[in-house]
Amino acid sequence: DVKVTQSSRYLVKRTGEKVFLECVQDMDHENMFWYRQDPGLGLRLIYFSYDVKMKEKGDIPEGYSVSREKKERFSLILESASTNQTSMYLCASHGQVFYNEQFFGPGTRLTVL
Amino acid sequence: AQTVTQSQPEMSVQEAETVTLSCTYDTSESNYYLFWYKQPPSRQMILVIRQEAYKQQNATENRFSVNFQKAAKSFSLKISDSQLGDTAMYFCAFMRTNTGNQFYFGTGTSLTVIP
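Chains A and B, in that order, are what the protein sequence lines are. Per my numbering: the first sequence = residues -15 to 97. Per my numbering: the second sequence = residues 107 to 221.
If we strip away everything but chain B, and leave its shape as in the complex, we get:
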């Protein structure tokens, strides 16, 4: 079975600082996809960044980047120059490439950016 663990239920960061959210996962599969989603308060879940397991290069999307360590099964999200709009719940997700492309989500990290 696939499991995704986010060990930090809540975090806070000062505006303009950098913060890293942790995520680990457990799988026996060799090819899969990893995602970070953002859910702002009372708003829709949206994608932040994605990573293909067969790519060694870490994905980057503007102020968001990941540290993907395949052997350690770790997929952390780094947010640089934090902004007030980054305040949200962040979910790490793992996707198997099987029928239905089922996703597995972590329990989430609530991030607060402090002015």
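With the rest of the complex left out, here is chain A:
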């Protein structure tokens, strides 16, 4: 059974803290994605990676960075968390077979106080 896991389901941080969200997939997928989900706005792409050490900005990269040192792991970093980054964060992975869907992790609900 394919799996995408995220390090935390719920996270509470203070303004200005550095925050790491980790995502691991076991499907040997080349492509990995970080989304932010907010009510009424759907899923918005923050960053994606199509290979180890490769990254591309999505639609809302400001305030975020990413790291992909190993194929199975894709990390999202909030350098200095702010209250407007309170949201649900979803990680997804996708292989090179176009027909296949993106597989999602369970999500991390981040609250920044």
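What the hints contain is simulated information worked out from the structure, not anything from laboratory work. Note that the Cβ used here is the ideal one computed from N, Cα and C, for glycine as well. It is possible that part of the hints are untrue.
[Unchecked claim] Derived lysine-lysine pairs resembling DSS-like cross-links, with alpha carbons at most 30 Å apart:
1) A:Lys41 with A:Lys(-3)
2) A:Lys(-13) with A:Lys2
3) A:Lys(-3) with B:Lys179
4) B:Lys184 with A:Lys41
5) A:Lys37 with A:Lys(-13)
6) A:Lys55 with A:Lys37
[Stated by the list, open to error] Simulated coverage check for chain B against chain A, where a stretch passes if three residues somewhere in it have a Cβ under 8 Å from a Cβ of chain A:
7) 115 to 124
8) 150 to 156
Put chain B on the given structure of chain A with help from the hints.
Quick look at chain B alone, frame taken from chain A:
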């Protein structure tokens, strides 16, 4: 740029009835893939159904089927014999076949199945 529009933020349907969720998209590409995802309350996003743009035949998956109109750039989801477990947020998604296989998602439709 690719955009995906879901014009129905909320819908409800009586149990055992049929409901159709709308989705339109905008692209200049000729080959692409379309997906419907389901996100139950506090649960993981899962695939409902997929459609390849070069296939004219509409995809069907048990009680779920799509009406794919390529010229109109429309991709609606029909749920037959609605069940309580169908209560969820539904997202329409478009995928380009380029580097990274980037997906574009609509804003979602919250469906409630009423007993």
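>> Which constraints among the numbered hints does this structure fail? Numbers only, ascending.
In response: 3, 4 and 7
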